[in-house]
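Undergrad: Here's the letter readout for the chains.
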Amino acid sequence: MRKAFYLLAASMLFAASPAFAQDTITIGFTASQTGALNNDSTAQMRGIELWRDDVNGKGGIKVGGKSYNIKLVTYDDESQNTRVQQLYTRLITQDKAQFLISPYSSGLVATAAIISEQYGKVMITTGGALEKTYKLGNKNLFQLYTGSSQYLTGALQALKEKNPKPHIAFVYEDDPFSKAVVQAVRDTAKKRGDVVAADESYAGSTTDFSPVINKMISAKADALLGGGHYADGATLARQLHEQKAAVKWVTLLVAPDSQKFAELGDSAIGISVPSQWEPQAAFKPDFGPTVAAFTQAFTDKYKIAPAYHAAGGYAAGLILQHAIEKAGSTDPVQVAAQLNAMDVTTFFGRTKFSNDSKEHGLQVGHDMVLAQWQKKDGKLVKEVIWPKAAKTADALY
Amino acid sequence: MIGILASVIDGILIGAVYGLAAMGLTLIWGVMNVINLAHGAIVVVGMFVLYMLVSALGLPAYGAVPVMIVLGFVIGIGLYWIGVHRMIGRPELMSLLSTFALNMVLIGLGTAWWTTSPYNVQVNMPSVSWRGYTFTGTHITAAALAVVIAGLLYLLLYHTRIGKAVRAVATNREAAELCGIPTTQVLAMAFGLGVALAGVSGTLIATMFPFTVLSGEAYQLKSFVVTVLGGLGNPAGALMGGIALGLIEGLATPFMPVSWIPIVEFGLFVFCLIAFPRGIFSFTKA
Amino acid sequence: MSEILLQVEGLEAGYGDVQVLWGISLKVARGTMTTLLGANGAGKTTSLRAITGAMCPRGGKVVFAGEDVTWLPAHAKAARGLVLVPEGRQLFNNMSVEENLEMGAYSRRARQHFRQQLDHVYTMFPRLKERRNQKSGTFSGGEQQMLAIARGLMAMPEILIIDELSLGLAPVVVQQLAETLKGLKASGVTVLLVEQNLHLALALSDYAYVIAEGRPFLEGPSAEVAAKPEIRQAYLGL
Amino acid sequence: MSALLEVNNISKRFGGLQAVDRLSLTVNEGEILGLIGPNGAGKSTVFNLINGVYPPDGGSIVFVGQDITGGPPYRVARQGIARAHQIVQPLGGLSVLDNCTVGACFGRQGLGLVPAREVAREVVDMIGLGDRPDMLAASLTTAGKKRLELARALSARPRLLLLDEVLAGLNPTETEGMIETVHKIRDSGVAILMIEHIMRAVMSLSDRIVVLNLGSKLAEGSPQQVADNPEVITAYLGDSKLLSVAEKPA
Amino acid sequence: MWRRPFLWFIVAAALVYALYPYFTDDVGMRESLLLAAVYIILASNLNLMIGYAGYVNFGNIVFFGLGGYICLYLVTALHWHVIPAALTGGAAVSALALLFGLGILRLRGAFFALATIGVNQAIQQLVVNFEPWGGATGIYLSLDAYGPLGGPMQALWTTYLMIVAVTTASLLASYAIRHSKFGLGLLAIGQNEDAASVLGVPTPRYKAMVYSASAFLPAVAGGLYFFKSGIIEPSSAFNLQTSIEAIVMVMLGGSGTILGPALGAFLYEELRGFLLTAQSFSQFQLVIAGALLLLIVQFVPGGLLGWVHQRWPRTRRWLE
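Residue numbers (numbering that gives the first Met the number 0), protein chains in the order written: chain A, 0 to 396; chain B, 0 to 285; chain C, 0 to 237; chain D, 0 to 249; chain E, 0 to 319.
I should point out that these hints are in silico values taken from the structure, not numbers from a laboratory. Heads up, a few of these hints could be off.
Partial list, computed: chain A residues near chain B (C-beta under 10 angstroms) [said to hold, decoys possible]:
(1) Tyr201
(2) Ile216
(3) Gln238
(4) Ala304
Think of the CB as a built atom: it goes at the ideal place given N, C-alpha and C, for glycine as much as any other residue.
So here's chain A without its partners, still in its complex pose (with noise of 0.2 angstroms):
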């Protein structure tokens, strides 16, 4: 017991000693190794250290002549905010994080915002796609994704192309950034005069999605949009399938996307998926690695091919070091500076970050684009649909 505590102090000190930064940058983030979001947020991180090690394998960021290493410092958040600021501060303050990387989803990135805001440090955020937290006032927030808004506003496009008068049931996960996405899509519905069958929120947790299945066929709908996270929305996925739901449309946010919801076999069938990036896209780089050359780096990596959570986690880094270089310094002022000004496209498509000083940071550079599972060949794989100029296959209805 004693020697367990000795070592218990020894490392606790250990840990504590101040990290030796002379030829490296040092970015911190946490990632929720464990809890709810643990599946998106594992793909967000692997992005992200794929990127380190392409980085320090050709040599480093260079900086003024100079060449410095890249070295992540990680933290588990739990898929909760409590300890989230707590960690940003650590990273900062002890880690000597020059630069901070957001966590994965909403709320958390909210929380940690406040953090690097009041210690000045720049934060890209990828995960974080909820327009509401770059609307607080933040300086030095720039984000990657999409915002929320603009999540399905393509699917109900795609979807008015199939059926001018659809009957849509807004099924969705009662957390922020689903609540976000849905809200501003059925908005635009209702607008649009489009028939609103139901619309339910439901726990992160709900496992059982036969009442609300059941309530949508007695309300006749035929499409269905919403979703939430990963577990829910495979758990939602299945049991349409499953009940025969009648409906001919089903897109449902962020769990689609992944490599394993390919798992669900026929039920994911026909699914589509508001997605920052495919692997089919077919941009071309200004900077960094094409996407064929990334997807295939990841796919040797983690024997998985990778969906939009990973390419935004490595798409984080790469406009980070695009800023650092073109700023041929690591102050974070000028840093900042060159995020303001960029312009750019990646493998991951175009970034540009509003400058606007009521939004400071929000993506407005970038557009989604809709992917869908289909069978080919037999096999399970995910087709882009729209828009009509990046599409791959048409869309199944």
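Keeping the supplied structure of chain A fixed, place chains B, C, D and E upon it in accordance with the hints.
TA: Just chains B, C, D and E now, kept in the frame of chain A:
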């Protein structure tokens, strides 16, 4: 109208499984006056046992049910000796904390092993469709198995010597000891039985829905509600309580937003606790 | 003198920090009825609990049928035939009469004779047979005491230890129970009785021990004890 | 002498058991009333009804002109009725002094903490626990706990004290001391209703005695009257007919 | 009362706690101490229920969450200053607890414990459906809101100091209650509720009062904490896990003692924080914390201070 009927049927089907989950909780509670806060974690164990058996060993899904009963029983007896035995007869708070600690350990080990990602076991069963509403085969099978297991538990408790000993220990432990019943072993066995029931409910749930290491908490809370509805310590009441909860969920849905249902559930839960603190069918501690 | 079935030497016991028994000793010969007397709080019930293993003694020795059983748990003692009918009956109130009796015969030894012993007990208490499927919780005090004794008998006791036979029972019922006890004694069952009704206890038993404040006070054949003035002081304070 | 407590026709039933059956009794100012009867006669239930632990099924209880039927117990305690239990109920985790302070704080006078502690100290000394005021109640001996039970009740400065077998389990010397204490209490003007099995004590202490059997009143009168009553002898001291049954050769 | 050295000890400890990170300018330490201070507030007030009155409140976090919501609502919608907003939140939650307490405190033991879980879950779900408080999205604080406290950076220090002040108040309140007539009545209830009632302790009123009292400071702390966080959502405001962890903290330090829960909260939080950030343990932090709790419950049921008191009874005199 048909929609409501469909909701009722769905409610009964899922409710039977809730009842099975609660049965494990209520049995342990009734016999040894321990509220098992590791209940949710055990439900999760049942889920992952299904996953392992089906994915790794390629067993048919329902073949996992008997395996889980045996395994759950063994695990339960182990957990009893690790975390519960010293708490018997101590203040309730102590057993609450002790089982909560077991819960942390189990969830922690599960998280380290499987992470908190969702897992999915695809079970193919023919489903029944009726006027646009479909009742899936997994639901029907799970409900049927839940009722069968509840029936077996009833037979065990009321028509076997060992089951009667469990009831005797629940009613009056000291008198049971004086009758020559090895009460400690009976307690360990009852705990094993409770864990087996909770585990098997997890296995059945996993045939219906995707799950994660953290899924157990929702079922633990539901089990509390069911236990209170059906009467503490009463396995037969648990089944009825479970069906009642399923019905409430199913029946309330057509009339109110889904997000209001937990309020109804927990409001009812608190109300029942205050109005019928001993439940209606309690078989211990009159 | 006949064989000593139960021998208790220097028994000590207590609850928490409080010691209740300070060296209680007694002997019960096979086939006899022995009584243990004392004021409220003198330690009678504690003595019985320590002897039968319902609580753990702190010192002393319990020898039963030539075997040291001091540290055996209660169920193991019951299985060997050292059976306590506890104070306040302690029935399984939500179980039927027959289930109660079945539990009484739980040990492997008793189980083998279950049918035969059940008939015996039903003959002795026909009232129980009439109400075999009724829950014991609905019984009157006297019926409960009968069932408690019957349950004790189901264990095929070598010695039946009865705590507070007549507690809270009407005189008529006590009378019936006294008859039962006499019948038991006649059939050769060894009995150790704790009873607040001094006259009854002394009249029924062959040998008596009186304890006070957890210590031995006096002992002797029941008739002699009944005649001693000290007993009145210890028991009634008269 | 005026009536302090009037119990009129109270009854209480538990399931199949009529524990108390239309019982009436009166305790006068400054007197000691003994309540005796065989175990299970309902004596403790009578106490529980008086101090409001259970509401009676019927009848009323009037204390100093106020109807106190049905409790709650803490309100009855406030009115000035204190009780020492047969089965001691010490607040085990509190010290002896704190136990008594609770009595003084929440009793008839409802004292503040500081004066209550003074009262408690006084009572603890008087009852003979003065040498160990800081001991945890749980670690007292049985006799000590009995005493504490009494001290706690007295700390409330009651007008009526319900004593439930306070002498049981005490050795002869202790019994003597306790009897003296009870006398002292009575002399200080507190009326006492006591349940007691030790006949000598009951006989010498009580002004009047009520004998209870199977929940109803069997006899009432002076100690001598009660002791001479053949029904009392049968019900309480053991039936002589029973003895003859037992003595018949088997 | 101020003659008691123990009180000076608490005040001195609070000063050190408040000022140490300030003078060393160690903000990392401050964040860690802040979280610990919040847990001390939760545990210390929960101890009024568990340690004194003997009632296990599983849903104690509901006070914290509701306090946070009321405070943030007043700050964002009505532009109140955070201090009156937090205090108003505390008062409102305390009043609400009094009402609820009269109902659910009729239950005892495990039944009460379960009912508190029900109350927490029901209120969480109500808030999810309550649009004025942002429903599931919760309330986001604009950075302007920190203006009155001298901007975001300064606000962190100010809220830290305020939370330490609430922590100190919690300990002092715990002490004051422990040494009052009210506290004595609670201890009596905790030991044996029926006996206490017979002794004249007005049990229903006292129980409702302590339930209400144990709500006040956690609700104030909730206001300050979520103000500092800048965001409040139902899932983090009413997290049942945190609620149960607070019980663990009380037990760890020793329920019924004044300093025990604080000590337990501090140690538990630091341990969890350490396990979470130490790379080699982070995989198993839950397992280690659970195993530790299991050992404590089984072998040191009185908690750290309970064990100390049992081992050296004289410490009871100057630690309480």
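Undergrad: Next step is simple, just say for each hint if it's right about the structure.
TA: Checked hints:
1. Tyr201: holds, 5 angstroms
2. Ile216: Isoleucine 216 (chain A) check passes; min Cβ-Cβ to chain B is 6 angstroms, inside 10 angstroms.
3. Gln238: holds, 7 angstroms
4. Ala304: Constraint on alanine 304 (chain A) not satisfied, violated at 16 angstroms.
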